[in-house]
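Colleague: Both chains are sitting in their own frames, so use the hints and assemble them into the complex.
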Amino acid sequence: MADNSKAATAERGEQERKPSPAEQNWERTTLRETLARQPERQREFTTVSGHPVRRLYTPADLPDFDYERDLGFPGQPPYTRGIHSTMYRGRLWTMRQFSGFGTPQDTNRRFHFLLSQGQTGLSIAFDLPTLMGYDSDHPLSEGEVGKCGVAVSSLRDMEILLDRIPLGDVSTSMTINSPASVIWAMYLAVAEKQGVRLDQLNGTTQNDILKEYIAQKEYIFPPEPSMRLVIDTFEFGMQQVPRWNPISISGYHIREAGSTAMQELAFTLRDGIEYVQWGVERGLPLDDFAPRLSFFFNAHNDFFEEIAKYRAARRIWYRVMGERFGARKERSRMLRFHTQTAGCSLTAQQPYVNLIRTAIQALAAVMGGTQSLHTNSLDEAWALPTEFAATLALRTQQVIAHESGVPSTADPLGGSYFVERLTNELERGAYDYFDKIDALGGMVAAIERGFPQREIAEAAYRYQQAVDRKEKIIVGVNDYVVKEETPLPILQIDESVARQQAQALADLRRERDNRRVTQTLKDLESAARGDKNTMPYILECVRAYATLGEICDTLREVFGTYEEVAIT
Amino acid sequence: MMNERKIRVVIAKPGLDGHDRGAKVIARALRDAGMEVIYTGLRQTPEQIAQAALQEDADVIGLSILSGAHMVLVPRLLELLREKGIADRVQVLVGGIIPDADIEALKKAGVAQVFQPGASTQDIIDFIQRSVKP
Chain S
1 MADNSKAATA ERGEQERKPS PAEQNWERTT LRETLARQPE RQREFTTVSG
51 HPVRRLYTPA DLPDFDYERD LGFPGQPPYT RGIHSTMYRG RLWTMRQFSG
101 FGTPQDTNRR FHFLLSQGQT GLSIAFDLPT LMGYDSDHPL SEGEVGKCGV
151 AVSSLRDMEI LLDRIPLGDV STSMTINSPA SVIWAMYLAV AEKQGVRLDQ
201 LNGTTQNDIL KEYIAQKEYI FPPEPSMRLV IDTFEFGMQQ VPRWNPISIS
251 GYHIREAGST AMQELAFTLR DGIEYVQWGV ERGLPLDDFA PRLSFFFNAH
301 NDFFEEIAKY RAARRIWYRV MGERFGARKE RSRMLRFHTQ TAGCSLTAQQ
351 PYVNLIRTAI QALAAVMGGT QSLHTNSLDE AWALPTEFAA TLALRTQQVI
401 AHESGVPSTA DPLGGSYFVE RLTNELERGA YDYFDKIDAL GGMVAAIERG
451 FPQREIAEAA YRYQQAVDRK EKIIVGVNDY VVKEETPLPI LQIDESVARQ
501 QAQALADLRR ERDNRRVTQT LKDLESAARG DKNTMPYILE CVRAYATLGE
551 ICDTLREVFG TYEEVAIT
Chain H
1001 MMNERKIRVV IAKPGLDGHD RGAKVIARAL RDAGMEVIYT GLRQTPEQIA
1051 QAALQEDADV IGLSILSGAH MVLVPRLLEL LREKGIADRV QVLVGGIIPD
1101 ADIEALKKAG VAQVFQPGAS TQDIIDFIQR SVKP
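These protein sequence lines map, in sequence, to chains S and H. According to our numbering, the first sequence is numbered sequentially starting from 1. According to our numbering, the second sequence is numbered sequentially starting from 1001.
The following block holds chain H by itself, in its conformation from the complex (with noise of 0.2 Å):
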């Protein structure tokens, strides 16, 4: 349709790993329901996330985190969101190993949802064609 905008996805993965089998599987997913779906590659820097979804005026940034280092990386990228201003505009959404216990400082810290091993690629793309007002 003419005047309807695709939702725009940045999918990353932050940090030094390379296991990015989630994430392209989630990136395809979406690609598949309607989504336009910017993918970074591997070991983006929060910096570099930020600039991307600044960039292509993402609705959706999709982090795909394993190695445990979210309790670092995601707090900086939610930070540099808003320096740049767009925090309000982007959601947030980790994806990956996030025990528990980090769950509500991650959303506390301004993440809109986390989702853990065995989500179905259904679930994320309810949760953001909900959630994202076009």
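Just chain S, same shape as in the assembly (with noise of 0.2 Å):
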């Protein structure tokens, strides 16, 4: 159980530290007189997470290290080294760049630019209203249809976003959290036209609800209705879509919003681990639902940190599934996820720099062995990508694919002091973070008391006053700073959008069977107040054009809505 991963954290990494004799000789001769010369630059060096790092490691630094307990060879446990024997030598990561902008025209033609740029999978951003569950022509639209992602209300807005897009060959993300069941569903109606079996589809919804109380913020219902949604989709998919993955949880907001790469770590895999604690509530086979279970995590600059981040969390999950769990399938232990560059690290100053930032960011996730990868745009600082941009950051994933030599083998830091020591230490760190939500009753009770929201906003502060004073150097931001007049050609979305969407809603709405409609929500809502899984229910409205509006107002009326205590 939980004990014995502590007890096996606690006789690695927390001994104290005992150099050998030679590397004594070496810290009272040659490094005394470089010292005494030349001082170092800083008292302290710290990670951009603020995280302790010594100026030398060494054997001292990893005590009783046992290389097949905690390395072992890719593809097999615990799977630090990678999920698979030959990693990118058999089959490079996924290049899959989020894009949605617009309408759903628009975002279309975005799409078959991209796959014709050799890019290998799709990855849907949408808007702000549709994140919140509101159509394109609801009052509270107003302003942002199309800015942050496109705009789907309806399954004909669906239908034509995916027009000409072959769903049984390519596998697409979506990034969807509160009204995931809503937006999958038009998805699976669309492949139902095309004539695609559900049992072809490969994809992920993020449908990640933890994340959104802890970090991003964009939730409809309180947390309990939320998380029966979500496992109404693991259950759903289990019987009917079992090549796609229900979720992707996500360490990804949680960084954006200020947190350190350990609490990224920690608070990602504790909400997976709450997922599958509810899951296994609800009498699901773990073995069946857990191998679908997919992680999504940031890229930020700190190059060495992150790679010990993603070999740690492949470890720990390995850990947990099979000591908290009793998972018997290997695939249940081995945590997959995608990989995305630090939107937060990137400057709208002298936004050319971001490109360097983007490909050291990138080249970490690849190195920590990461199956599908995102590069930020060099103007995501100031909008979304230009055509220019977007085809930049997929070329940086190719360059780094092709040219720099990095994918031909696997784990290439692995049994590197520095790297070992610094997974240990994130291990641990997460470990100690899952015994603090433990023992507030697991996450969504953490979450309602606040908890990782407070640690995040600590985290959040302590950076920005060290960027403040300028302990941490941020380039072109708080030095080698110059004048510059705008500095680069930006995508402008007009409110042309907003009104050629809501057209589409008015003509939507006079055309289909509206009797259709309301006897297909309010079954829904008939399920939603009984216990059966929502999932065939949303498809059925779907399938009648029912509006994303219409079926999260059914929902919102059984479920309630949420409302956070804010926390400065």
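It is worth saying that the hints were derived from the structure and are not from the lab. Any given hint could be a false lead.
What the hints assert, rightly or not - Below, in silico cross-link-like pairs of lysine to aspartate or glutamate (DMTMM-like), each with a Cα-Cα straight-line distance of 25 Å or less:
1) H/K1108 x S/E484
2) H/K1108 x S/D468
3) H/K1107 x S/D70
4) H/K1084 x H/E1047
5) H/K1133 x H/E1079
6) S/K483 x H/D1123
7) S/K522 x S/E511
8) H/K1107 x S/E142
9) S/K470 x H/D1032
10) H/K1107 x S/E485
11) S/K329 x S/D70
12) S/K483 x H/D1102
13) S/K472 x H/D1126
14) H/K1084 x S/E142
15) H/K1006 x S/D468
16) S/K483 x H/D1100
Modeller: Written out as structure tokens, the structure reads:
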């Protein structure tokens, strides 16, 4: 049980550091002389997360290192070195650029462009009204339609968005959370129309509501019914869409909200534990749904810390799924993840420098063994990317894949004293957080008490202070500053998108069979009031062209809405 | 000091966006600088924000917007402040992803200052302390 993993971590890492005689000799002679001549640049060196870094790592930092227990071989437990035995020699990671803006027509054009440029998977960004379960013509949608992603209010929008995209062949990731089951149902309905069977579909819905309460804050319903909707998708997916990942348990947004790498790791995996717990409590067979759980991490600037984070994540998940839940299938214990480079690291100043940041971050993701990767575009501190900027971002991945030589060997930093030590430290830190959250009664309870939110806000404030005091340098922001005019062309989304969407919705409401819409919504309402799986009912509403807003309003009626207690 | 009134700041996030890292960091920095800060929480309509400013007798409203909806939401708030007759005594600051091209228009509409990404918390504190007359 959990105690085993705690005992295991206590025996790793927490021992006193005992340098060898040779190392002590080096400290007394060579090092001391150098320091006498030239002191170090800073008194203390830390990662971007504020985690301390020693000047040198040696065998003394890995006192009871056991290769087979701690690392093993790629494709074998505990998967520290990666989940495939040949890693990128067999198949490169999926280059999956997140994209979406304006009308469904606009985004469909961008998808075809990206596929023509060698992108290997689709990833859909939805606008804020869609993320919040409002139709484009809702009063609260004003000013937001098509701005941060594509506007999708009905199956008709989804049909346009996916026009001429063969859903049996591509894999599609959809960044949608609170209304995930509705948007997923729209995707499934388009597949049906294309004549593609549900068991042929590949893709991922983000569907991670816990990190919404923790970090991104795009929630609609209270935690309990939200968790029920998530588990409904697990069950439906298991039975009917077996190759779909019904969730992407996300640290990305936790990190963007200002967490440290260790908090990102800990809260994400503890969220994962919570979903598994709820699935098991529903009575779903663990080894039937666990293999389809996928993860999503950030790739920030601190190169080695990020690589250590991915390696620690795989090892923790392997241990937790076995020790805590008794998973039997190896695939249930194997952590697969997507990575996106850190949006919050991009600067509005001297934006071309962002290309370099993104390249370093992407390299960390690849060296950490990611399964798929999104690289941000250089203009994203300003707006959604132009086609030019999006192409350069994709090219960054292609250079790493084909020119850098990095993908030729699995886990190239495995065995580095520094990286192994950092991996151990992050793992131990995550277990400490697990203990705290377990003591609060689990993640839902911890969220309701504001625990992860407060930890993140604290870290974000500490980081901002470090930047303001120039303890952390950001090139072009608090050092190497130049005067510049509007630095680059940016993508503008105007209000005509909202007008087009409103017109399309008016047409839809006139043309569809409104009796069928009312009936399917009523059926959904009674399913939601009871304990039936909501997914088949949502699918019926979608097939009848009920809108996203209508379906979410039905669920709001039953479940109520959530307001957080704001923490500052 | 007895008769020195603290500067009162309402920090608000209008629109549907939930990215509140910046709003929370600023709220805390202003509080640490000795101001009275009221954070309204997420997804406030311009109407709710204007009402909060009135009720709280605010000197400053700090808006955090990252979604691109600023050209719709900010002018509406300014209009509501005028309707309530408090536009002259409340300074409106906007922080977030605001392209250069929109800054002039926002200022013309009555925004006192726009802080773009990378602004330091000290810049914001200094601006408020300079421009608010107790």
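Colleague: The structure should be examined with respect to each hint, and the outcome stated for every one.
Modeller: Against the structure, the hints come out as follows:
1. Pair hint H/K1108 plus S/E484 holds up; C-alpha atoms about 22 Å apart against a cutoff of 25 Å.
2. At roughly 30 Å between alpha-carbon atoms, H/K1108 and S/D468 are farther apart than 25 Å, so this suggested pair is violated.
3. Between the alpha carbons of H/K1107 and S/D70 the distance comes to roughly 59 Å, so the proposed pair goes past 25 Å and is violated.
4. Of the supplied pair hints, the one linking H/K1084 and H/E1047 holds, its CA atoms being roughly 10 Å apart against a limit of 25 Å.
5. For the hint pairing H/K1133 with H/E1079, the CA-to-CA distance comes to about 23 Å; that is within 25 Å, so the pair holds.
6. For the hint pairing S/K483 with H/D1123, the CA-to-CA distance comes to about 17 Å; that is within 25 Å, so the pair holds.
7. The hinted pair formed by S/K522 and S/E511 meets the criterion: a straight-line CA distance of about 20 Å does not exceed 25 Å.
8. Of the supplied pair hints, the one linking H/K1107 and S/E142 holds, its CA atoms being roughly 21 Å apart against a limit of 25 Å.
9. About 19 Å separates the Cα atoms of S/K470 and H/D1032, which keeps this hinted pair within 25 Å; it holds.
10. Between H/K1107 and S/E485 the CA atoms are separated by roughly 18 Å; this keeps the pair inside 25 Å, and the hint holds.
11. Distance restraint check for S/K329 and S/D70: the Cα-Cα separation of roughly 20 Å lies within the 25 Å cut-off, and the hinted pair is therefore satisfied.
12. Annotation: proposed proximity of S/K483 to H/D1102 holds, straight-line Cα distance about 19 Å (limit 25 Å).
13. Taking the CA atoms of S/K472 and H/D1126, the gap is near 21 Å; set against the 25 Å cutoff, the hint holds.
14. Of the supplied pair hints, the one linking H/K1084 and S/E142 holds, its CA atoms being roughly 23 Å apart against a limit of 25 Å.
15. Note on H/K1006 and S/D468: the hinted pairing holds, with a Cα-Cα distance of about 24 Å set against a maximum of 25 Å.
16. As the CA atoms of S/K483 and H/D1100 are separated by approximately 13 Å, the hinted pair is consistent with the 25 Å bound.
Of the numbered hints given earlier, the model fails hints 2, 3; all others are met.
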